[in-house]
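Since the structure of chain A is already known, use the hints to place chains B, C and D on it.
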Amino acid sequence: MIDFPEISWASIAPQTVILITALTVLAIDLLPRKIERINITLTALLGVVIALIFARNLTPAYETDFSGMIYRDGVSIYLDQLLLAGTALILLMSHRYAQFHPIAYGEYTVLLLFASLGMMTISISADLITLFIGVELLSLSLYVMSGMDKSSLSSGEASVKYFLLGAFSTGFLVYGMALLFGACRTSNLVLIGSAILDGGAGTPLLILGFALVLVGLGFKISLVPFHMWAPDVYQGAPTPVTAWIAAGSKIAGFAALLRIFSLPGISFEPFGGYWAQAIWWLSMLTMIIGNAGALVQNDIKRMLAYSSIAHGGYLSMAFTANNTVGLQALLFYLAAYLFMTLGAFAVVIAVRRNGRECLSIPDLAGLARQHPGVAGLMAVFLFSLAGMPFTAGFVGKLWLFGAAIQEKYYLLAAVGILTTLLSFYYYLRIIVFMYMHEPQKDAVFDAVPASGRIAAGLAAAGVLALGVYPNLLWKVLAAHTNGL
Amino acid sequence: MAATLFFWLCAFLAFFFGLGVIVARNPMHSALSLVMTFVASAGLFLLLHAEFLAWILIIVYSGAVMVLMIFVISLLNLQRDEPIEFTAARRWGVAFVVVFAAALLIYLFRDASVGFTYPPKPAISAEWGSAKAIATDLFTRYLLPFELASVLLTAAVIGAVVIARKPDPNEINGMESTGEEPSNQ
Amino acid sequence: MTELSLAIYAAVRIGVIFSAVMTVVAFLPWIERKLIGRFQQRFGPYRVGPHGILQPIADSIKLVFKEDIIPNNADRVLFVLAPTLALITAVMNLAVIPFGPTFELFGISFGAVQVADVNVGILYIFGFASLGVYSLFLAGWSSGNKYSLLGGLRSSAQMFSYELSLGLSVVTVLMAVGDFKLSEIVLSQEGGFWNWWIVSPKWFVIPGLLGFFLLLVSAFAETNRLPFDLPEAETELVAGYHTEYSSMKFAMFFMAEYINMIVASSIVTTLFLGGWHAPLPYEPFVLAPGWMWFAAKVFVLLFLFIWVRATLPRFRYDQLMNFGWKFMLPLALFNIFLAACCLLLADRFAL
Amino acid sequence: MIGLNHYLLLSGVLFCLGVLGVILRRNVLIILMSVELMLNAANIAIAAFSRYPLFNAGTLTQEDYMTAGNGLVFVFLILTVSAAEVGVGLAVVINLYRQRSTVNIEEVNLLQG
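Residue numbers (the numbering used here), protein chains in the order written: chain A, 1 to 484; chain B, 1 to 185; chain C, 1 to 351; chain D, 1 to 113.
Check each hint, because a few of them may be wrong.
Computed cross-link-like contacts, BS3-like style, restricted to lysine-lysine with a CA-CA straight-line distance of at most 27 Å [as the list claims (entries may be wrong)]:
{"#": "1", "chain 1": "B", "residue 1": "Lys132", "chain 2": "C", "residue 2": "Lys202"}
{"#": "2", "chain 1": "C", "residue 1": "Lys181", "chain 2": "B", "residue 2": "Lys132"}
{"#": "3", "chain 1": "A", "residue 1": "Lys475", "chain 2": "A", "residue 2": "Lys408"}
{"#": "4", "chain 1": "C", "residue 1": "Lys62", "chain 2": "C", "residue 2": "Lys34"}
{"#": "5", "chain 1": "C", "residue 1": "Lys202", "chain 2": "C", "residue 2": "Lys181"}
{"#": "6", "chain 1": "C", "residue 1": "Lys34", "chain 2": "C", "residue 2": "Lys66"}
{"#": "7", "chain 1": "A", "residue 1": "Lys34", "chain 2": "C", "residue 2": "Lys326"}
{"#": "8", "chain 1": "C", "residue 1": "Lys146", "chain 2": "C", "residue 2": "Lys66"}
{"#": "9", "chain 1": "B", "residue 1": "Lys166", "chain 2": "C", "residue 2": "Lys146"}
{"#": "10", "chain 1": "A", "residue 1": "Lys34", "chain 2": "B", "residue 2": "Lys166"}
{"#": "11", "chain 1": "B", "residue 1": "Lys166", "chain 2": "C", "residue 2": "Lys326"}
For the chain A half of the interface with chain B, some residues (derived, Cβ under 8 Å), not all of them [claimed, not checked]:
{"#": "12", "residue": "Glu107"}
{"#": "13", "residue": "Thr121"}
{"#": "14", "residue": "Ile133"}
Covered stretches of chain D (in silico footprint by chain B; criterion: 3 or more residues with CB under 8 Å from a CB of chain B, positions within the stretch not fixed) [to be verified]:
{"#": "15", "region": "9-15"}
{"#": "16", "region": "18-32"}
{"#": "17", "region": "38-44"}
{"#": "18", "region": "70-76"}
{"#": "19", "region": "84-98"}
Hints in this document: simulated from the structure, not taken from any laboratory.
From the three backbone atoms N, C-alpha and C, an ideal C-beta is built for every residue, glycine too.
Just chain A, same shape as in the assembly (with noise of 0.2 Å):
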């Protein structure tokens, strides 16, 4: 007979409870009779809201769990609230999405929580192995999402494009686990780190492990070699599941970058000569490339997907800063990217015109005019995306900056403030055309239902407390840093 392992159940149970929750609404979905997409909606939302109350009331332990393949630390339980937070205002945007478009809003809503635990699982990767499984459960259920749409020829090429770049990503993603599974001889990341330490450090297999992750997972986030999915599936997909690649899936992969460049307990002092480098230059043409590609589109989710592309840039700057300054701006930043990313196509999905959705930039000429409210919360959004004072932008990008000027990256931070502005042209021409367009010809905006209000007003909320007041992160961002 088999000696069972202790089960911590306490370190996991914010997964365990969106997986709970999604065979639940599996469960709902499958009665005979048949259910009002409210209900699923609501029962989501209810289990996504335990979780984070779970998450919530979780305390850090800096050390390993489940015979070493969890972490539970506070960067985890820190990102486990964002996802959740995240899962939640994209379950509110999908609920108004569903209504317009032939998706199978059952199996969405578990394939969304799905996804959700995926990346819930790579936060608190302490293994290889684990953050692996984790990477590819949010894939698979994203590649699905993002071809849900039958009736949209281009939901279906975007689920392909997706498809084929994502496993060729996890070809090299799995390549370089198994160089770093030789180089060390184990999958356990503290034990990667301390057989490092030990002075496995600078072995070709160690490097060339490490590039094909950072490889494999620059796909995942669309660092800029890697980059040339992002436009193309972003404009496919059913825009909900669009809004969860670029703020969820982002989120995930800077997780596993954390979890693999940073080593739980290890800073990663042993490498970051080499790293710093490679990133450095990965997050120049990021921001340049992407700042640059965001400028000529006219298409919104085409445009959101570069600049989702840029901030990738800006974000990695940290992984170059390599400090802890840049740790926290990582974080803080991270949190400031979901709310204005989930806020920017909360407002694209709210804003219909005779009910079809108004995906071109000229399409939103005279918002302001009929809904108000909408497009200043859409300006918001904007221009904490550009990174205006009192918005969280600024603070994440002055923070990140601070963060690459303290390791005397002068370069690189120059070229993040110089992208930032140029970024400026193309997210106020959104407010140009919102404030002093006139509206297009017989063009009347539909009422902006309840669900989209609430999911843009939260979203709006969080842009701006953070811009105002960031010492209400800083203060838990320094307490969840502290054992690193």
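Chains B, C and D only, in chain A's frame:
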């Protein structure tokens, strides 16, 4: 001696059929080459004393996954592909991969920790690689990833069914209005 | 023992087992035709030799001398490969079947009547069975004939649908024995038919019976025998995947099918019917050598195969799929659960 | 005598073949197969690594590494996951084929900037 021969046989087969996967014009031949690559890899696993994995590889990959793949190929009635065109971008891609491969192999050779003729691990028990050893690890230390893998399979089943089934006409027409052009079915 | 003598013993074992099975395979069609004739109140083969006993020889002469045709639009390599693969995978499976315990001849022990006692015997058999799927599919696909293609598609869909319940029905026995080794599984059923897994009190009979039923039905499906012979349904598909085959290539499929029948019966025997153990552990029964008991059980099962063929009509395709996925698979999963509960209970009360 | 490097070389070559396949081929299904080739290469590497010991372990002892992890479980889970991935991938491809009647990735080009 026999083991050495067996290794070279499997290695040659794996390489030969691996090449077959990417050069065969007919998708069916590609798929069958992949099956043979998996069989050869299973041979390598046997040589590494990973008996259980070797058979799992054959049963799961050759027996289920690739049959599914072949099934799809013949359902879609795919004929021969166009020959590979070497555009400039592709030429660069090939050059990159070849350089990358050379770099990879040089790196591996340089590594002091992996000697060319290093003998197999002496301390490995007879149990190593058996179903029992893997099961014990899977149900104790790797319990969490194992459970997560089952969640992943659930997600994959749901996803595959949802996306591959024919759209229900009511599902499409019953909407208040569809945002984009209708599909061409 | 030196390596050389080991090799010689192994060669002897391979030779004996292979020739014995091939003899049975040669006469099985005759037995089948005779029996079916009787079931249908006619005589069956009667012309060649007494009671048609030389019919198999006549048939094989005919097959060898027939013209070997390869259709013009066939994929030539795969067309030739398919029947070879069918025969090879079938024969390979014979290697791990424990036909009998250690036997002695002229005072020399030849080891067990089994070519190789592989550690993961069950997986070995599943592995080759799953490779066998390709032979039928490739035969259908490479013929360049739509009936063949349909037959091939059907066979692969059917075989991997039923492979699931096949695998799951075996899991119950594996749980109880705790080993993949076929010889271990046989040894665990020592001492009378009440210890055989089909009725073992260790799990209160029911999971055993259920598992036996599931395995038997899946085995019928895996060997493409009636009522699961849709891949070659004459009335709809001419002859399915082997429509275009003639001469020796056809004979290979034919042989593979009969070997597969024998392998399937042997596996059922090994897993559920006590392998080469005598039904009663007492004097007159245990005197007969183990391989005889094994052969007797296999013949009973082969008779069952033929009996079913003579009795049941063919499934419709959708019925086949529904039966596999909606009945067999859930039942097999439930059976595993049941068996696990029974084993736990038995363990708790030290039965 | 076959050493670790033989396996690693083979695995590296197979990995590169997979990458080449993804770059060169335009048929979605063959791209998927090439990805499987890459994953298979990783599996061979991991299995080989767990069979051969670490040469220059520093203060960490051999036991530390042995208790650290079993690569075969890693391989097992990678097999599981990539099988699921193929399942989903084939479904996605079927969906594409229904909509467009093609599996050539170059003909799938509605979305452009």
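Quiz item: Okay, which hints does this one fail, numbers in order?
Solution: none
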